[in-house]
Each structure stands twice: as structure tokens, then as C-alpha cells.
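Novice: With the hints as constraints, model all of the structure from the sequences given.
4 protein chains.
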Amino acid sequence: MSVPYRIEASTGLPADGRGTQLRASEKIPIIARPFVSDRAKKTLDIVEKFVEEECIPADPIYAQQVGSGVVTRFSARPPIMDDLKKRARELGLWNMFLPKNHFKEGAGFSNLEYGLMAEYLGKSHTASEATNCAAPDTGNMEVFAKYGTQEQKDKWLKPLLAGEIRSAFLMTEPDVASSDATNIGLRMHKEGNEWVLNGSKWWSSGAGDPRCKIYIVMGKSDPNNASVYKQQSVIFVPAETPGITIKRMLSVYGFDDAPHGHGHLIFDNVRVPASSMCLGEGRGFEVIQGRLGPGRIHHAMRSIGAAEKALEYMLARLNDPAKKPFGKQLHEHGVMLERVATSRVEIDAGRLQVLNAALMIDSKDAKFALKEIAEAKVFVPKVALEVIDRAIQAYGGAGVSQDTPLANMWAHGRTMRIVDGPDEVHLIQLGRNENKRGKWLLEKIEWQKKRSEELAKSYGFEKRDILQLDRQHSKAKL
Amino acid sequence: MSVPYRIEASTGLPADGRGTQLRASEKIPIIARPFVSDRAKKTLDIVEKFVEEECIPADPIYAQQVGSGVVTRFSARPPIMDDLKKRARELGLWNMFLPKNHFKEGAGFSNLEYGLMAEYLGKSHTASEATNCAAPDTGNMEVFAKYGTQEQKDKWLKPLLAGEIRSAFLMTEPDVASSDATNIGLRMHKEGNEWVLNGSKWWSSGAGDPRCKIYIVMGKSDPNNASVYKQQSVIFVPAETPGITIKRMLSVYGFDDAPHGHGHLIFDNVRVPASSMCLGEGRGFEVIQGRLGPGRIHHAMRSIGAAEKALEYMLARLNDPAKKPFGKQLHEHGVMLERVATSRVEIDAGRLQVLNAALMIDSKDAKFALKEIAEAKVFVPKVALEVIDRAIQAYGGAGVSQDTPLANMWAHGRTMRIVDGPDEVHLIQLGRNENKRGKWLLEKIEWQKKRSEELAKSYGFEKRDILQLDRQHSKAKL
Amino acid sequence: MSVPYRIEASTGLPADGRGTQLRASEKIPIIARPFVSDRAKKTLDIVEKFVEEECIPADPIYAQQVGSGVVTRFSARPPIMDDLKKRARELGLWNMFLPKNHFKEGAGFSNLEYGLMAEYLGKSHTASEATNCAAPDTGNMEVFAKYGTQEQKDKWLKPLLAGEIRSAFLMTEPDVASSDATNIGLRMHKEGNEWVLNGSKWWSSGAGDPRCKIYIVMGKSDPNNASVYKQQSVIFVPAETPGITIKRMLSVYGFDDAPHGHGHLIFDNVRVPASSMCLGEGRGFEVIQGRLGPGRIHHAMRSIGAAEKALEYMLARLNDPAKKPFGKQLHEHGVMLERVATSRVEIDAGRLQVLNAALMIDSKDAKFALKEIAEAKVFVPKVALEVIDRAIQAYGGAGVSQDTPLANMWAHGRTMRIVDGPDEVHLIQLGRNENKRGKWLLEKIEWQKKRSEELAKSYGFEKRDILQLDRQHSKAKL
Amino acid sequence: MSVPYRIEASTGLPADGRGTQLRASEKIPIIARPFVSDRAKKTLDIVEKFVEEECIPADPIYAQQVGSGVVTRFSARPPIMDDLKKRARELGLWNMFLPKNHFKEGAGFSNLEYGLMAEYLGKSHTASEATNCAAPDTGNMEVFAKYGTQEQKDKWLKPLLAGEIRSAFLMTEPDVASSDATNIGLRMHKEGNEWVLNGSKWWSSGAGDPRCKIYIVMGKSDPNNASVYKQQSVIFVPAETPGITIKRMLSVYGFDDAPHGHGHLIFDNVRVPASSMCLGEGRGFEVIQGRLGPGRIHHAMRSIGAAEKALEYMLARLNDPAKKPFGKQLHEHGVMLERVATSRVEIDAGRLQVLNAALMIDSKDAKFALKEIAEAKVFVPKVALEVIDRAIQAYGGAGVSQDTPLANMWAHGRTMRIVDGPDEVHLIQLGRNENKRGKWLLEKIEWQKKRSEELAKSYGFEKRDILQLDRQHSKAKL
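Chains as they are written, first to last, in the working numbering: chain H, 798 to 1275; chain U, 798 to 1275; chain C, 798 to 1275; chain P, 798 to 1275.
Copies of the same chain are indistinguishable here, so a pair counts whether it falls within one copy or spans any two.
In silico SDA-like pairs for lysine to any residue, Cα to Cα no more than 20 Å straight-line:
1. Lys1168 - Arg830
2. Lys1121 - Pro1219
3. Lys952 - Gly1077
4. Lys1121 - Asp977
5. Lys1179 - Gln1190
6. Lys1010 - Asp1267
7. Lys846 - Arg884
8. Lys1121 - Val1132
9. Lys1179 - Glu1135
10. Lys950 - Ser1073
11. Lys987 - Gly1079
12. Lys1121 - Glu1135
13. Lys1125 - Val973
14. Lys1010 - Ile1063
15. Lys1260 - Arg870
16. Lys883 - Ser1255
What the hints contain is simulated information worked out from the structure, not anything from laboratory work.
Specialist: Rendered as C-alpha cells:
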């Protein structure tokens, strides 16, 4: 089957007289355009076309190739993924996520440029991995590229960049409130020239995949250090190291996300050479802070794409001639159109927020963009969940079932309010930061009030309340 | 009293070791910076200083000079406004709103640049008028500059640009649903060389001010025209024309907004020369569509400023050492900090939306920016109202009373969801526009499904539902 | 003018074939009916008729008779109020609020029965006072009846019950976080046989009325008492006592609520005899806890009435043939009907909550009903504000102006989230109370999990995770 | 293991000095108590004990006994269910759902009484079926009891009441908007003495269970009938009838709800004797209207139970000493307590709404309770979803995974906004019904305004706007 001209002409309105449809590069918000190179625009359009024409149709094939049964699913290697990867490399869509100003290994785009592409990747289950831009490998590759020794890079970064192996980042633990990373407690102690690891990790995303070969593990190497920010270290641990057991996988609203999945792992006297340490003993916080920023933005940008896809599905449903409750198609029901409009408004606000945050990272680094990243991290998943939920409601039963990708997208989106720090943690940090200027604002307002009183005097009167009364009953009586 | 160094050093964090405070020009979102000239940045900082140090302290003085009693209040001319205007001109802060690419008469800034300034103007009741950037004069001046004859410009635009007179835009009517402008029905008929106007108008904002000298009036001049968009005309009517009565003023919640106010006017055989017509008979829709776009963005930008001011008040309250419910200052209550953070996230999203919309106008015109303007028109007032309401709740009784500007700001903000078209109208238009691609999306999704089936075959299997059963009880029985 | 039969036949649907309209007594939620006596039902219908036919039409007359100018307005005694009171007494509608099981002085209804009546009173500005059921007199009369000496009763309760004087309850203070009553700090010290009061109070509602003759004042009489709950006393202070100044009145979103109003009072060496003490020195908390419960329910019930009135206004607007945006009357726009329906759902839920809380008070006392009162206190004003706001939006400009009672109702409703303790205080108390069973629930859930494991064994298997994997890469390699 | 005394003493606060825990019968809202017999109270406490001590621990065992693999899961018959059923019958907990005033076959409780029990059943996955109170059998049994012939009753109602077989209600169809039941289109035509059925159904809940023996099917028997409400019939079809294929099962988010499940069925020339017709040809609407009311209330009541369970889980988490983000346990974070409190307020409001609706049904029938049922149908699932979602957020990763029942409860709860009519359908009907009094309200308000004017005159003045101005510029000039 040949690709229809309408898709060929890129997504959007059909060429039926109502105007040609805009390509992805033409839909970049005007305020972001100066930051997008011509090369990035061209790539963006190829990304869109690849996603819409090749990845989205591949999504259900991938799902079917994963098979059934827990063991089968978590040892699956769906052939279509290898084919998509090959195709992506042919199209020049590979490792776009590695920002050009920080890493020479990537495809040479900025965070903002990649952000625009990630939106489209977020519309398909397979697209991110097909272009080697899938979490957690992206962040992990950044860790290797930024903090790895040459030896570590050769051994792990190289095959990761080539898409030959996968990786996992082991931070979260089942037994503590690991949203506060100072609580992370997997024990690391040194014996001779080895580190010995004991403890458990969960939400080790990607650990289910048999191709996952390397774990980046955060643990507590110095529990007595006076600074709670220096008690932890990050260390590289090959997945095959004896003593590691993937006890089980975790589900997300009934979805197992196989083969990738979210592992619950046990570390029982796991030994790695001292040279496996990342950056240096006690520098775990430095590593995770360097790692998490861009990842949050990638998640947010893909969430924008998910929201756009949900809106597309909703619009399709609204125009399905078979669905006519109470004699009118759904798009003739004002309630539905208002939800579409609200979704449009919110998605567009979220996109601007993400692009602005990406630009802050581009201009310096993730730490510099702390506020902007946190804002997008909180705002975008909330918007995406609402948009997806509206689409689900428009579909009714079909919305919650396997017949649309909506339920799966919602479940995935729901985790976005938890991973990389739950909303509450980001909000409390934003709130505290904002609060720093509180005392000064109190003084400023006081100063302005005093200035008003002076002004009144300069006009020859006293400042007086609009409802001044100065009434004394007792005097009135006299 | 001399201005304290902290204010001098511009608003924000005090120079107390936590770092110097950022000026307005330094707080421009990174994504908007390339669009702001050095001159605009400099002006922006002067605007901020003028507003914080001169206008905000002047606000209560202005209120007091308006006096009491309906008649007094609506004939007031508070002396401090003239002083502020003089001061603003000295500082070069005058007519910043007239966009440079469309009008030669203004201060030479773009809509985006003015947008940044308008945010600060929105923090004070007096600042917009003091800089001759107050609605509805701004939009009205645009009408004169864009559509006026030389004579009309000389007579009305000149004194308006000079801040000598004020103006009103008479569109809304009490007896119809004028949110749909085709319903506007003030009768206009021609007698000889005159137009004769009969009917009533309300929400004629600014009509209360004795300095308001010119009305721009929309009426129905051709009720039988086949096109409902050609039945109306816009005409210039001097306020002193016999037959016009300001019957009463309208309150907003309990505020009368004197002397400016919102008038309910009666037109009883009001006669103006035929030369008073704006643009041409039957071209009323053209005029109002050209007028409303930038005005909506101005409103939105000032609303961002109001929200920022409310947040400042909230932060001041949270740090008031006298307010310690249950043994902790308010900023120690996590619930309060979370609200601060949420406000920060939403305000910042709203600002980006407004700036992006302003840039769309700059790049071409308001019609081109229809979607972006509508988005900001809906999103920003909602955010501002929520932020202000949170601040009010933090203040308790003080919040709803005259002791903070919050209640007044809320009441004004509430009208923003109604003026220039209620939310519902903008949402339905956004929804309809989005819906245009619905049919095509339905086709696209169908195409993707068929492509999936082809792909399955190419891998040698049939696409199969994940919960396929194909169970027949009757066969099972056999 | 004679009352039209439709009103005569009581409010609701017209007798036009669509069925006769239900009277108030017929609209009592079925679950509440067994608790309403026939006498109360009869009275309820009279209340409804009185409110709809006499009080609501009187509301604007009352407003006009209050006059203009601060001093005038706060010394007004609108004649229509005296007429309404006379009429109410004729109809037997007087002091319905004093619950029969606690006080012999009232009209002999339960809190639940009065709750139903209060809903209708809440639809008119004048109805509560006209029936001598207005706050703060209601709660104050309860204080006198419950804690007053015979002398105090004779002097103050008698004229209050007769509606001859009014009263105020002086608790809130401008300088502390008085939402936490332990912070209340008006100084009370004993000199000889007198208490001397110094300090300031605000939000002294009703203090503006010249007929307000008695203040019930909370102050700090024993600042060093080890128990923060025994430092305060409540004392009766005649309004005419020398040393008291009503400095000014407070506005609520621009409304001054004259002549009633909300006073800001200064106490400067105010001396009252020791016999003025209420209940006993140091027993202030007892008094206010006994007072606040029913008052919160009265407020909530009147808020239900306000919400119902707003919904009536909204429905009227939706059926106004003059209002046809985009060719359809407002009731033909699905968005509007959905808002009507949502309002109906929420109001009805709120009513049940209030009635249930009233019944808890009836069954014992307000302390017993702490949880139920707090729930209604938080839920109902939120609902009422949303319903009123939806009605305002349906009216557009008319909604925010003096042309409907909606804006005033909203402003009043907004204070309901603040007075008698802001939402946050009630929620934190509800939350803490709920949290008391937290540890036990943790144990219960653990017990249930262990029981599951035992059960599994009894069925011959081990409990196993649905995604158990127990995979070891290192072993797999071998 | 013996049951701990705390559970024995019934759920709630431990007997540790903070008071004994209340049993279910002691927690009945006071306003509902008069409607609950002593026998029902006693049964209620047994239900609570059975659910907490036997069913909840059985839930994971049941899940494990269902097994893995699509075919296995949908032919499973978990032994523990049979044991629970046996136990329930021993305890006298059987068929409590069949309301005593309508059916003699049940356990002799009212809808309100069963409503209280259903709340507890809603806390466990297995409890409803264990007590033979599971949907869709409950509604289906009502259909047989109400509309069945003696023969139909003997054949199907008897084994259903005995819990020997299960049933499904086949209404929803994949190809139309079946939320509007007039669209239902499965073709039914008569051939001789048989009805022949062709078409497809989905969301046939319970059809997956091998014990499901009878389908109640709605189809279009008279497509040309002038009344769209008489085109459909309901007919009884044995599951084993040739021509029926369960094509596949539908998932809800990622859950398959096996073995019960939600089937997608194909009818291919399915033949049943004419005597299988329910009630009579063309009377399908009568049947479904009689069926859906109580079912909606059962769903709502179980949703209340689910919300309570989620709140219990949240409280347990808040008190888990292992979870201390930022140095404080979760219950010390005010944000969390506020969410607990809000949940408590909303759940309690929802419960009252459901009980009131149940009582309306008891007092007459479901049709009489249309409004109240619709209100609960819309309000309760919304509340439950929010409460569950808050609990999920408090648990973070554990919340979305299989480690708590929360994700499954949420997914199930989400369908409650869709099944038996989506929110939108109920709201539009409620809205239309409310709107019926719109015209009359418009007249009433007009009457009240005129009455005001008369009143003004009787006091000797004209009604005057508070901001009357009557200003004419032109006259002012003279």
C-alpha cells in the first residue's frame, strides 16, 4: 500500500479546499522560531512523517510481538523495533536528544530543537526507542558522556549510542520515601578494591528488557557523613553481576510495559570493582542533579505530544458519523467543543513552558533552569492527563479499553506526576524559593503605604479610610 | 522622604546577601528576549520603577481625591493624576501601546515590548492612565489612527494622544445578547446629511469621566442587509451631542470605578453629520475586529501584573510575623507554600502565552493572531482570578476589605472573563476551528489502522486483539 | 396590586399543564421528612411565601432607604424593616432559630426545622432580620440564654428577643491571626470591681447599626495561664460605654453592608462592672465553642438559599427571549444546561449535609456535631460561590452589576469561607481527627495482608506477585 | 491465626484509650437512622466483619486463582469464591439487594438498608459476588423477578438467586452511540415461532465467566415504529445458543477483570423461541428503565465504599513510619491532611446523596427517584475518583502498581462515569428538567421587580438606581 498523498503532504487538514495542512516545522510557536535552525526544522518534519506513517502503525505490531505470559513478555525482542531503528538511522533520526552545546556525541541539536521533536516522538509508543531517544537511556547516556571515564564510555556509552544495549537508572527504593533522595539507603561498603552492594530498588524502568546490560545505581556509601548530601554515591553495575535478582516487575494501572517494564530488584552482596564509581565517592547528588533536569523536560515534551494525540483522537470521535447521541454528532454538542477548546488552550500554554525551560537549559545548564523545569514538570502532566481524560470520556467504553491508545497513555501520563519527584516535592521547592522574597515584599508594601501618607500630606490632607466613621456612642449620647 | 536604596536597586530580593534583586528587564522570559530591543529594556525598567515608587503609592491618594457621593465621584478630576502624567512624560513613558510597525504616532515599541511594560502598569490603578496607556483610549486611538480621516484624526486623535481628553467605545447593549455582535441594535438612520441614533448602550467604560469627549458607537444602519456582518456601522459621536443621557453608572461587585466608570447611556434622536462615519457604512464589523485584538492582549498582560501583585501581597502576608496561627507563621504551613508555587507556575505559563500572542500580532496583525489572542483571553483571567483569590484567602478579612487592593483587583479581574467576549464565545470559536480538522483526523487514524494490518501481514501474522477469545459456548458444549 | 395566583400557589412551576408547583414543605428531601413536624411544615410554607412575596420585593427598597454617604448610611433605620418585622410577627415568623430542645424562649423548632426555613431566609437580604433570625443576634441571644445571669437576660436578651435592639460579637482582631482564637489579645485587667479593656477589634459585624446596643467581647484576661485555653474571657459591654470608638467600617468587595456593617473598633480604657463577665473568668473558650456551632449551620443553610436563588436567576436568564447569542436562546446551549445540572447536584448534596449536621446538633449539642458542622461549613460556601459565579457568567455584565443581586450575594458568600474560621482551619481539624485512626489502619491492612498469606497456604500455594520474575542475569548466562 | 481483638471489636480506632471503635451500624448518618431496622443494623455489622476479615484477605487469593493467559483466565473458577459464598450463606448474607417492598425473593431489606451494606461490599473485589449481590446479576434478577414469566423465573431466576449461574445484560453496541439507547440496533426479526438475532454487542460485563448462562439482550425488533421508544425489545438468550461468539474481551485500562470480564459478542443468526421475549415486543425501553435505577445506586454505594477504602489506605500511608520525606512523616505535611479532610467532606456528602436516592426508590420506585439517582450517579464517581487519586499520589509508585488495590479501584471507578449512561447524558437530562421552570422564574422575578416599584411608591418615592446620574453633557454645557 502506498502512502496516501494526504499523509505525504504531512499531517493536518486535507487538501480539500480548506487550505493545505501545516507541517510540524510550520507549527512551531512564533516565539520559539528564532531558536530553531533550518536543519532542525527539516529534521522535525522528517520526525513527524516517520512517527505518523511508520511508528504509530507499528505500535500495535510491537505490542503483539511482545507476546503473552510474564516470562515471555519480559524476554521479548520484537523484530519490528529493529526494523524501525534501521529505518530511523536511514532517515538520520538518531540520538537527537544529546544537546549540541554539551556533548559532541549527539545529532547536533539544542534542547529546544529536540524538545520540538520529542513532542512527535511522544505520539507513538515505539518512536522514542526507534530513534534511540528513549528514557532512561537518554539520561543515562548523558551521565556516561558527562561523568564517565574513557574506559566507562567505551564499554557502555558506545553501545548505548549505537542502540545495541539498554540501561536502567536505579534510584527509587521500596522501603523509604525516596522522593527525598537523602533517604536512599541501598548499602554500599568497600571491601578491598571492591564495592559491595546490598539492598533493594524498584521502579527500575527498563530493567525488564533482556537487552538491558548496565545499571546506574545510587546507594549510601557514607551513612555517617555530616552532610546528608554527601552520603550517597552513584556507581555503574553490569546487569549480569552475580547477586542481582529481578524479583518482579511492577504494573502501572494494569499495564506491564513489557519488555521494558519497571523492575523490583534485590541486591545481595553484589560486588563491583572500585573503578566502577561514577564521578567519585560521595558525589551521588551531583550526578543525579546533573541527570534529572533534561529528562524531566523530555518527559514533559513527550507528554505534550501525547496530549496532542489524545486531542486528535477526540476530534476524530467527534466527527465519527456513526456516533450520533440524541440526533446530533458529537461535534455539534457545545459541551464537547468547549472541552476541545480548553484542551487546545492548555496544551499550547504547556508547550511554551517546556520550550522556555529547554532554552534555559540551552543557555547554560539544567541547574540554571531549575525553576522553569519544575514548572513544566508540574504543569504539563496535569494538562496532558486532563486532555487525555476528556478524550476518554468522548469515547466512552472504547476510551478505557484497548481499542484506543488513550487508556495506556493516561496510565503512563499518571506516572509523570510521580517519577523524577512527585508534584508535591517540586511545588514545595518552588514555593520555598518564591518565599525567599517574602520579607522584602512585606517591607516594600510598608514603604509604599508610608509613601502614600507622605503624598497625602503633600496634597494638603490626611490619608483617610473610605469608610472612616470615628463614632463614639457615648459621645453621641451626650 | 528619599526613595530607599532597595527600591532604587529595583524591586525584589533585598541586597542582604541572598543576592541582588533582578530588574524587570532581567526577568524577561528567556524565550522572549531576542524580541526586546535595548531601548525597550531600558524603558521597561523605568516603567517598573515608576509604577512601584510613584504610581502604587499614588493609588490611594487618587481614590481619596475622587471623593464621595455619586455626582461628585463622577465629576472628579483627581489632581494627582495630572501630576503623574506630567511625571510620566518626563520619564518618557507615554503612549507605549501604539505598536511601531503599524502606527507612527506611538512611542515606537512592538506589541511584545509593550506587553512586558503593560504587566507592570497592571500592578497599579493609576499607572495605565498616567502613561496614556489606559483602556479604552488605547483601542480607540488605534481606531482613529487606522481608520480615521485626517479631519477626524486632528479633532480626536491628537488630544487623545496628548492625554487631554478621554473616550469611550459604545458597543454593548442592555437589551440583547451583544456578546454576539450581530445582535447589536442601536438604530441608525440617515436623514439628509445626518445620521440619527436611537437606542441604548451600557458598559460604556470611561463614559463617567467628565473629560470623556468622544464616543465611538456601533449601531445598526442597514438592518435588512442580507449579510448579518454588513448591517452595522461604527460612527464617531461627540459626548456633548444633544440627545445623549448618561442615565446611570454600573457597579462592578460593589465598586463604581469612578470617575471612569461604566455608563448606561440613552440615545434619543442623536444627530451627527454623515462625515462622522468610521471607515464606511456597513463596515462596523471590520472596525471592531481590527480594534479588539490588541486590546484583549493589553487586558491579559495587565492581568498578569495583577496576579504578580497579588502573589507579592500573599508572600508578604505569609511572612508577617504578627500572623501566627497554630504557632507557625503562614509560610511554614505547607498548604500555603503549595498555593504560592501553583500560582507561580500558572502565572509564568500565562505570561508566555500573552507574549507569544503579542508576537503573532507584531508579525502581521491581530486577525493573524486570532487563535493565540483567544487562548490568552481565556487562560490569563482565569489564572489571575485564582491567584488573587488565594491571596485573599491568605489575608482573611483583610483580603476582602479595603485594606488590601485584592478585592478590587478580583472584581476587576472577574470582568475580564466577560468583556470583549465572554469565555464561552472564545471557546466555542476555538473549538470550531479545531474541529475543522476532525474529519481528516478520522481518516488519518483509519489509515494508520489499515497500515498496521498490512504490517502484521508483512511479518507473517494477522493482527490480533490482546484479549481475543473467539469462544463459542455452543461449540464448547459439543 | 394583588398577589398573582402563581405566587399565591407558591413558587415554582406555573399551573399551566406541566403540573402544579411544589411548596417548600413538599420539597423537603425525603430523608429529612420524619424530622419535620406538621407545624414546622406549615411555618415553612409561610416563610417561603413571606420571603418571595414580601421580603425580596422589599430588598431594593431597604437598600434605597439606607441612603448615601458613609455617616448617613451607618445611622440609617430603614422604615421598611420595621414594617416587615411587624408583618413577620403577624405571620408568626419570629425567633424560629432558637432550638426548642435547648431554649424555651424561641418559636419551638428544632435546628433541622429552622435549617429548612433559613434556606428561604437566605434568598432575601431583609428576611433574616425581619424575622429576628439575623446573625450575629441569633448566636448572641443563644449566649445570653445559655450563659447569662437573670439580670443579664433581663437587660439584653429580652429586648433582643423582641427585636428592639441589635448586638455584636467582638472576637476577631486586626493585629493577630485570630483564626486561631488563642491569639486573641484585647487586654482585660481588673481594677477594683471593674474590668478595664484596651485593644482593638474588627469584623465586628452589626456594630455599624445605631440600634446595636450590646457587644459580647472576647479578651485576654489571664495571659500567663498555663493553659492557652484558659487565658481568655468573654464579657458583656454596652455599646455606649465610654472609651469605645468605631474607627471605621470595613467593606466587602466594595459593599459596605450598611447600616449593619463590619466595624473596626478601638477600646481605650473601657470600664465595665465585674458582674458583666459571661459564665466566668477564663471561660471564654467555652462560650465561643458553645456559640459558633449552630451559627455556622445557619450561615450554611442561608448559603443554600442563596445558591438556589442564583440558580433561579440563571434559569430565568437562560429563558430570556431577548438573549439569543448565535441564534439560540441560552437554554439551548448545552454548556449552560450542564452548568445548571451541576449546580443542582451540588446544591442538593450541600443541603443534605447541612440537614444532617443540624440533626446532630438537635440530637445532643454542637460539640457532638463538630465533624458534621465543619463539613457543611467547608462544602456549602464553596458550592454556593460556584453556583453564583455560574449565574453571573450567564448574565455577563448584568451579573457583576447592581442589576442582579448576584454580585452582592457572591461577595457575601465569599466571606463565608473566612468567617467563623477559614476553610483551612476546619480542614486541618477534620484532617487531624481523621488521622487519629491512621496507625490502626496501618495495622489493619498489615493484618489483612498476613491473613492473605495464610489463606494462600490453606489453598496449597504461596502468595505470588502477578508479575513475579525471579530472574538473575548471571544465572541465565550460565 | 486467630482474628485480632481489634478487628473483632470491629474496624476503626484501636481500643487504646482514644475510645472504642464504632461499628458500621454506629456510623450510619444520623439522618438515615430512622430508616434502618434493627435487623438491618445487625446484618450491616456482620457484612462489615465479613468484608474486612474474610473478603479483603481473599481478594489477592482470588486474583491468583484466576491464573494467567487469556484463555485460562476467562475459564477460571477460583475455588475461594465458592468457599466465600458458602461462608456468606452461613452468615445470612445473601441476596440482600432485592428490595423488600418490591420482591419477596430477597433477604428483606430496603434499598436504603442495602445501600449501607453495599458500601462495605464495595471495599472488596470478592464481597459482592460472595453475597450474590454482584452486578450485573442483581439488575438481571430484578428483571426476571419483575417481568419474567413463571417459566422464565424457574429456569433462570432460581439458579441466579441460588448463585449457581451468572448472567449478562447485553445493551451497549460498538457501532453506535448507545449512550442514547434509541440508537441500539442489533437486528431482531421473526421467522415462524422464532426470533432471529444478528449484530454485535460489547461491554457485555460478566460474559467472560464460564458460569454465565443467560444473556438479557436488547435489540431492534421494529425499526419502523413511529415511536423511537417502541422500536426495541428485550429478549432472553441462553449463552449456549448457537451463533453467539465471544469474539474478545475488553480491557479497562490494563485490567481484564477476568473471569467476569467485558465481552465483545457477535450474534450471527442466533435463534430463540418467541416465548423468550421479555415483557412483550416493543417494550424494551420499559424494561431497561425499570432495571437501571437501582443498579446505578448500587454502583454509587459501592463507590462510596471504594472511596472509604482509598482514604483508609491513604491514612495508613500517612502513618507509615518508614515514609519520611524531608524529615517529617506524611501526616505531618499539612497538604496531605487537607486532602484527607477534603476527601472526608466529599465522601460524606456523597453518602447522604445515595441514601436519599435509595429512600426515594423505597418510597415508590426508581422512576420516581429519577432526579436523585441521576445526582448520585454523577456526583459519587467523581468524588470516588478524586479520593482514590489522592491516595495514589500519597503512595507514589506503590499507588499506581499492583502493591495496593488503588490503581484497580481507580480504573473501575473511571468506568462508573461511563456505564449506565455517561455523565453528560445525566447532566443534560437534569439540566433540561431544571430548565422547565425557567420561564416561570423569569415571570416571578419580573413580578418581584414590579412589586418593588409599587412598594417604593407606597413609601413616597420612586425606585432609583444606586448610581443614577441622568447627566447630559449637552445640557451641562449650557
